[in-house]
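Visitor: Chains E and S, in that order, give the protein sequences. Per my numbering, residue 1 is the first one in the first sequence, and the count goes up by one each step. Per my numbering, residue 398 is the first one in the second sequence, and the count goes up by one each step.
Treat the hints with care, as some may be off.
[Claimed, not checked] Straight line, CA to CA, 25 Å or less: simulated SDA-like cross-link-like pairs of lysine to any residue:
1) S:K480 - S:G688
2) S:K442 - E:K310
3) E:K85 - E:L184
4) S:K649 - E:R7
5) S:K442 - E:R7
6) S:K408 - E:D114
7) E:K11 - S:K649
8) E:K252 - S:P615
9) E:K45 - E:L296
10) S:K442 - E:E49
11) E:K252 - S:K408
12) S:K703 - S:F793
13) E:K45 - S:A449
14) E:K11 - S:G624
15) E:K252 - E:T4
16) E:K11 - S:L405
17) E:K252 - S:T401
18) E:K11 - S:P560
19) E:K11 - S:N407
20) S:K702 - S:Q747
21) S:K707 - S:E781
22) E:K45 - S:V457
23) S:K442 - E:Q64
24) E:K11 - S:D511
25) E:K11 - E:R164
26) S:K649 - E:A59
27) S:K408 - E:T4
28) S:K480 - S:P615
29) E:K11 - S:P464
30) E:K11 - S:Q747
31) E:K310 - E:E213
32) S:K649 - E:M9
33) S:K482 - S:Y681
34) S:K649 - E:Y212
35) E:K252 - S:L409
36) E:K45 - S:Q461
37) E:K45 - S:E443
Quick caveat, the hints were computed from the structure, so don't treat them as lab data. The structure displayed is predicted, hence computed values, not measured ones.
Protein chains: 2
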Amino acid sequence: MERTFSRLMNKLETKGAADILKYASVPGVIPLSAGSPSQEAFPTKELAEIAAAVFREEAVTALQYNPTEGYPPLRAFLPGWLKEKYGVGGQGDALVLTSGAQQVMHLAAACLVDEGDTVLCEDPSFVGSINAFRATGANVVGIPMEDDGIDTDALEQALETQPRVRLLYTIPNFQNPTGITMSLEKRRKVYELARRHGVTVLEDNPYGDLRYEGEDLPAIKTFDTEGVVIYAGSFSKVIAPGLRVGYALADKALAEMMGQIKLCDDVHTAALSQMLCYRYLTQYDFEAHLGELRRLYAQRCAFAKKCFAKHLAPYGVTCAPAQGGLFLWLTLPHSIPMKDFCTAAVRDHQVAVVPGTTFTVDPDSPIQGFRVNFSAPSYEALEEGFVRLEACLRTFF
Amino acid sequence: MERTFSRLMNKLETKGAADILKYASVPGVIPLSAGSPSQEAFPTKELAEIAAAVFREEAVTALQYNPTEGYPPLRAFLPGWLKEKYGVGGQGDALVLTSGAQQVMHLAAACLVDEGDTVLCEDPSFVGSINAFRATGANVVGIPMEDDGIDTDALEQALETQPRVRLLYTIPNFQNPTGITMSLEKRRKVYELARRHGVTVLEDNPYGDLRYEGEDLPAIKTFDTEGVVIYAGSFSKVIAPGLRVGYALADKALAEMMGQIKLCDDVHTAALSQMLCYRYLTQYDFEAHLGELRRLYAQRCAFAKKCFAKHLAPYGVTCAPAQGGLFLWLTLPHSIPMKDFCTAAVRDHQVAVVPGTTFTVDPDSPIQGFRVNFSAPSYEALEEGFVRLEACLRTFF
Numbered sequence: 001m002e003r004t005f006s007r008l009m010n011k012l013e014t015k016g017a018a019d020i021l022k023y024a025s026v027p028g029v030i031p032l033s034a035g036s037p038s039q040e041a042f043p044t045k046e047l048a049e050i051a052a053a054v055f056r057e058e059a060v061t062a063l064q065y066n067p068t069e070g071y072p073p074l075r076a077f078l079p080g081w082l083k084e085k086y087g088v089g090g091q092g093d094a095l096v097l098t099s100g101a102q103q104v105m106h107l108a109a110a111c112l113v114d115e116g117d118t119v120l121c122e123d124p125s126f127v128g129s130i131n132a133f134r135a136t137g138a139n140v141v142g143i144p145m146e147d148d149g150i151d152t153d154a155l156e157q158a159l160e161t162q163p164r165v166r167l168l169y170t171i172p173n174f175q176n177p178t179g180i181t182m183s184l185e186k187r188r189k190v191y192e193l194a195r196r197h198g199v200t201v202l203e204d205n206p207y208g209d210l211r212y213e214g215e216d217l218p219a220i221k222t223f224d225t226e227g228v229v230i231y232a233g234s235f236s237k238v239i240a241p242g243l244r245v246g247y248a249l250a251d252k253a254l255a256e257m258m259g260q261i262k263l264c265d266d267v268h269t270a271a272l273s274q275m276l277c278y279r280y281l282t283q284y285d286f287e288a289h290l291g292e293l294r295r296l297y298a299q300r301c302a303f304a305k306k307c308f309a310k311h312l313a314p315y316g317v318t319c320a321p322a323q324g325g326l327f328l329w330l331t332l333p334h335s336i337p338m339k340d341f342c343t344a345a346v347r348d349h350q351v352a353v354v355p356g357t358t359f360t361v362d363p364d365s366p367i368q369g370f371r372v373n374f375s376a377p378s379y380e381a382l383e384e385g386f387v388r389l390e391a392c393l394r395t396f397f
Numbered sequence: 398m399e400r401t402f403s404r405l406m407n408k409l410e411t412k413g414a415a416d417i418l419k420y421a422s423v424p425g426v427i428p429l430s431a432g433s434p435s436q437e438a439f440p441t442k443e444l445a446e447i448a449a450a451v452f453r454e455e456a457v458t459a460l461q462y463n464p465t466e467g468y469p470p471l472r473a474f475l476p477g478w479l480k481e482k483y484g485v486g487g488q489g490d491a492l493v494l495t496s497g498a499q500q501v502m503h504l505a506a507a508c509l510v511d512e513g514d515t516v517l518c519e520d521p522s523f524v525g526s527i528n529a530f531r532a533t534g535a536n537v538v539g540i541p542m543e544d545d546g547i548d549t550d551a552l553e554q555a556l557e558t559q560p561r562v563r564l565l566y567t568i569p570n571f572q573n574p575t576g577i578t579m580s581l582e583k584r585r586k587v588y589e590l591a592r593r594h595g596v597t598v599l600e601d602n603p604y605g606d607l608r609y610e611g612e613d614l615p616a617i618k619t620f621d622t623e624g625v626v627i628y629a630g631s632f633s634k635v636i637a638p639g640l641r642v643g644y645a646l647a648d649k650a651l652a653e654m655m656g657q658i659k660l661c662d663d664v665h666t667a668a669l670s671q672m673l674c675y676r677y678l679t680q681y682d683f684e685a686h687l688g689e690l691r692r693l694y695a696q697r698c699a700f701a702k703k704c705f706a707k708h709l710a711p712y713g714v715t716c717a718p719a720q721g722g723l724f725l726w727l728t729l730p731h732s733i734p735m736k737d738f739c740t741a742a743v744r745d746h747q748v749a750v751v752p753g754t755t756f757t758v759d760p761d762s763p764i765q766g767f768r769v770n771f772s773a774p775s776y777e778a779l780e781e782g783f784v785r786l787e788a789c790l791r792t793f794f
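Extracted from the complex, chain E is given alone in its bound form (with noise of 0.2 Å):
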């Protein structure tokens, strides 16, 4: 039969997404492309005690239909560790579970805008959360990564100039996939931008807890009084993804529209992927196990950082400032096309990156950069991916 897909699945590019996962099945192929944590760092034993526990003690919360705002009892436990932890959240706030951070960015998109309304979001920026905004027909708008964040400049005029802003998107914390953390000073500049704008901040940070370098600052969300930001946690990069545990942290009226589309979603998270976050998070020493995320992630960054220094820098690849998160971002010399680089590199010489075209606004944007992930790989298939890499880059020359 034929049929007519509505308007907003043209409005995707999923095409980058989706190559990024399959680049990283082919066999042979060295997956520096994936964005995943490394399976070393999951918590396996402790997880699979909680587990045994969870069916001893409470199967029928597990396995019966929950609340969809989330499993009671972490429901009622995260903002006050957020608080305590981070500083974010306060009285007008509430929190609502998510099956992982990325249906905030769903949630948040469905209950803010209107096809044609505008997102602002760092150009790059996470492909599945732009997709998120493209999937409700949003007019996103790319404003340029610098450095030390966002373009605070650019940020300015946008607001000012485009039609209907709803919502401005940040990863402020080792940005996917630029690697970048915003300043104090750009993270109170774009709060303020937004509160005068009446735009609403959506802060995704995801990765937040993996710093090896620097002080960590604190989230855009400890300066709201006035329920502008959005807070995104997740426990994907600091207990384990296949679990599917986020959460929305945001002014009441806003968490509880946000309760509503979730409910007509998937009706509440899995019950006991919450139930093994809390009591993970309770029970066990999560400070730990954070701190030993820390050192393994370290080390593999350090690591990459010396593989890149050693195989690409010599031919004028740069690499972007990155004090935590998963990914280093390279970009090209300008003499160097980027994505026939990416293409040959994972066709030819069987090592898979992801060309910055996947993250930016505009598929057809310039862009030299690529993205590549340290957390995954081992240090032996880290090392000869670096080396495939620099073979790759010699045929450019």
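Please build the complex by placing chain S on the supplied structure of chain E, with the hints as guidance.
Guide: Here is chain S on its own, set in the frame of chain E:
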């Protein structure tokens, strides 16, 4: 901060659905309002064994990112199982695992429906699905129900007169809320009408395995040789709803688009939940479990009907023919205002039922029916619930 919410938010009718959950949790209230399976029905011991085995044998798969379309062994297993067990699916179809069947409604609507397009559904119908359609800005048009299913004459007229009809939503088996089953003749007619008008059928079958009387009827999807029908299945009623695992079987092009939207929504369904379903279906005697479920619910259904006959039938209340599922649909005499009765029941007599207007496309519909759940409450609660409904009813005479 003052903010503008999306137009689409105003289209949801969430009050009714939220009230179901709220009423059900007030202490002392007997909740005949839920849609939950019986907690006795959960294969708790088996799922506990499986969880332990998964953590021993496949922990990394349970905890790492998984493919959007589903945990590969489950996604590979289900099409053959569905074909053998129910005769549904063909060469042109593909399967997508979803976060409960609710997500199928959302994904189907996102792929096919733009703001202002028409979605046809049985009236009354499941409010969660209606709201998933409303959330796209659809023009939702209800087609009256008859004792043998949707009024196909009214359906034909709507297909001929409504603008841009994109989707026809139906629950052919033990419909929610009416409990009504669509006749074989009407199933063929619905398929033919939809095919002829180029309209996608969304066939939702959460209760199909829960038949207590009469013969199984073929799914509409069994007639589908041209990719007309999206078949939505669920493990919520036959394994456990807290896991949030459902699936869509649809024409490949459509299934692929549903996967693209799912990637923007929640990346993938919780891996552990999918693995629990997979091993339970393939390593345990699922047919014997279904047999036990049917025995359990057949007894409860018969008991509920007996309570109805004793306590409500003498006052002129009628009960729709239910051969399976989780609900009785009771209709008050015209002299009694249905909403007032349901409100008085929960407020003055501490028994919660769901007013029919929760499920109607028009929330001000003059419908006289209300929904009673018999799967979740104990026998004692069920009987006491009907005693209280009778007491409430007497105050209206």
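Visitor: Which numbered hints are broken by the structure, listed smallest first?
Guide: 2, 5, 8, 15, 26, 30, 34
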